[in-house]
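Q: Kindly generate the complete structure, drawing on both the sequences and the hints.
The working numbering numbers the first residue of the sequence shown as 1 and each following residue consecutively.
Keep in mind that the hints were calculated from the coordinates and are not lab data. Computed from a prediction, not measured in an experiment: that's the story for all the values here. Among these hints, one or two may not hold up.
Said to hold, decoys possible - DEER-style ranges, computed between Cβ atoms:
#  : residue 1 : residue 2 : range
1  : Asp233    : Ala10     : 34 to 40 Å
2  : Arg119    : Glu236    : 19 to 25 Å
3  : Glu90     : Glu148    : 37 to 43 Å
4  : Ala83     : His177    : 25 to 31 Å
5  : Gly25     : Arg215    : 38 to 44 Å
6  : Met149    : Gly25     : 43 to 49 Å
7  : Asp253    : Asp233    : 32 to 38 Å
8  : Pro22     : Leu144    : 41 to 47 Å
9  : Leu267    : His177    : 35 to 41 Å
10 : Glu90     : Ala203    : 18 to 24 Å
We treat Cβ as the ideally placed atom computed from N, Cα and C, and that holds for glycine.
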Amino acid sequence: MTTPREWEFAGVRGAVTARIWPNGGARYVALLSHGYGEHLGRYRYAADALVRHGAVVCGPDHAGHGRSAGERVLVDDVDAWVADLRTVAESARLDHPGLPTVLIGHSMGGLIATRYAQRYGAELAALVLSGPVLGRWDALTELLKLDEMPDVPIDPSTLSRDPEVGRAYVEDPLVWHGPFKRPTVQALQDAIDLANEHGSLGALPTLWAHGEDDRLVPLAGTRAGIEAVRGDDLTERIYPGARHEILNETNRDEVLADITAFIDRALG
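A: Listed below in structure tokens is the structure:
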């Protein structure tokens with residue numbers, strides 16, 4: 001596997017750690033946006049597949065996540081994460097001038113990626129959304145009704161049919177295992193509303209991939225969001241029996257083959 005290197009920059013909310021999986025013969029940049037409570041180090045398998053496909057792969061640990069600074073999982077405006085993601089993209093463009101950028105976002109990272117595409121879509125060649133938090137996420141609505149956030153960790157069995165994925169998640173010290181924080185819950189809801197209101201992604205080639213048995217970010221809620229933002233070029237892949245982390249699922253090679261085939265088409 002390709003060994004990533006880390007670098008640090010001054011983000012909107014403090015120091016942000018980014019990773020890059022180099023590729024001397026790259027033909028495109030794959031910009032990764034990870035999900036809530038986790039970090040980019042959990043994307044090694046996907047990054048390696050993308051490097052073999054011809055990408056230089058990069059992305060940040062969002063502020064308050066992984067190796068980046070900031071109070072854990074706290075944000076008051078998702079667009080602050082969008083701004084940090086764009087800093088990584090701009091660095092990649094300077095290091096690899098002329099290469100097209102494909103943005104890949106998972107779960108909450110899919111919401112961040114959608115907001116990025118709505119604001120800076122002209123800078124992207126394609127967008128891939130894996131189990132994205134879009135449209136309607138009933139868990140947020142229920143949390144906002146409570147006076148206190150419950151200290152209930154994510155059930156690792158909902159991540160993947162592969163029990164090793166859940167075990168590694170539980171034992172990962174860089175993963176947040178505590179409760180949601182109210183400002184973050186509100187910021188996520190506000191970003192969902194903004195994405196819905198902004199509307200179409202226009203001509204940007206977009207792949208939406210989702211596990212049929214996703215109990216963390218249910219398919220029906222996301223579908224409403226996809227309908228709100230879909231543009232002229234949407235490809236949909238729903239994987240029977242798959243849970244939330246399709247990039248870590250038992251059929252992850254099938255998922256990654258679909259993603260790389262979509263990228264080939266988008267890049268022409």
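Q: So, for every hint listed, does it hold in this structure?
A: Hints versus structure:
1. Asp233 - Ala10: 34 to 40 Å: holds, 36 Å
2. Arg119 - Glu236: 19 to 25 Å: holds, 23 Å
3. Glu90 - Glu148: 37 to 43 Å: Given a distance of about 40 Å, which is inside 37 to 43 Å, the answer is holds.
4. Ala83 - His177: 25 to 31 Å: holds, 27 Å
5. Gly25 - Arg215: 38 to 44 Å: The hinted range 38 to 44 Å holds for Gly25 and Arg215, with Cβ atoms some 40 Å apart.
6. Met149 - Gly25: 43 to 49 Å: holds, 47 Å
7. Asp253 - Asp233: 32 to 38 Å: violated, 25 Å
8. Pro22 - Leu144: 41 to 47 Å: holds, 42 Å
9. Leu267 - His177: 35 to 41 Å: holds, 39 Å
10. Glu90 - Ala203: 18 to 24 Å: At 22 Å between Cβs, range holds.
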